[in-house]
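Peer 1: Sequence:
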Amino acid sequence: MDFKKTGIPQYSINDPFHKFQESLENVTTIGFGSIRGYLVLDGNNYLIGVDQNEITGEVECVEVASLFHGDTFEGIDLTNMSAESFAQELAKIGSTPIVEIDNVWWPKERMGFYVYENTPSTICWWGNTTDIEVQEILSQGQEDFLV
1 MDFKKTGIPQ
11 YSINDPFHKF
21 QESLENVTTI
31 GFGSIRGYLV
41 LDGNNYLIGV
51 DQNEITGEVE
61 CVEVASLFHG
71 DTFEGIDLTN
81 MSAESFAQEL
91 AKIGSTPIVE
101 IDNVWWPKER
111 MGFYVYENTP
121 STICWWGNTT
131 DIEVQEILSQ
141 GQEDFLV
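Mapped onto full-length UniProt numbering, the consecutive letters of the sequence shown carry residue numbers 1 to 147.
Quick caveat, the hints were computed from the structure, so don't treat them as lab data.
Take these hints with a grain of salt, some might be off.
As the list claims (entries may be wrong) - The following label-pair restraints were derived from C-beta to C-beta distances:
1) Thr119 - Ile93: 16 to 26 Å
2) Thr56 - Glu133: 28 to 38 Å
3) Asp77 - Glu100: 17 to 27 Å
4) Ile30 - Asn128: 27 to 37 Å
Just so you know, even glycine gets a beta-carbon here, dropped at the ideal spot from N, CA and C.
Model the full structure from these sequences, guided by the hints.
Peer 2: This is the structure we're talking about:
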């Protein structure tokens, strides 16, 4: 599966929360406004997490929490790639990412990636979040919009 900046095929960070509740398979609720379920794409059963903004009710983040061998992001192979190497590849197709030990934040694109054992293993698209730490990270990529 080739994931894109725009989100998971058939879904957007701008979709209503209930769309995810109604269309994912085996949905479980994890606390207020947080669900996990499965979505079949290209024959693979992906674990999808969706969090709802507790204030606005909008989707706060959509996460693909399980990736499969052969998956790509915007054509970038996701196997055997350190956080630093992955960030270098992302910089070629967008803004400069922020690299942490096991995370790559892509603030201008409002995305984050978890890297486990030199393999990007989670992709997250961020919407309007109430998480202060995430807001601070994402704001680092928004300075171009402050005029």
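Peer 1: Taking the hints in turn, state whether each one holds.
Peer 2: Verification of the supplied hints:
About 19 Å separates the C-beta atoms of Thr119 and Ile93, a value consistent with the hinted range of 16 to 26 Å. The beta-carbon spacing between Thr56 and Glu133, approximately 18 Å, falls outside the hinted interval of 28 to 38 Å. For Asp77 and Glu100, the Cβ-Cβ distance of about 21 Å falls inside the hinted range of 17 to 27 Å, so the restraint holds. At roughly 20 Å, the beta-carbon separation of Ile30 and Asn128 lies outside the given 27 to 37 Å, and the hint is violated.
Going through the hint list in order, the structure does not satisfy hints 2 and 4.
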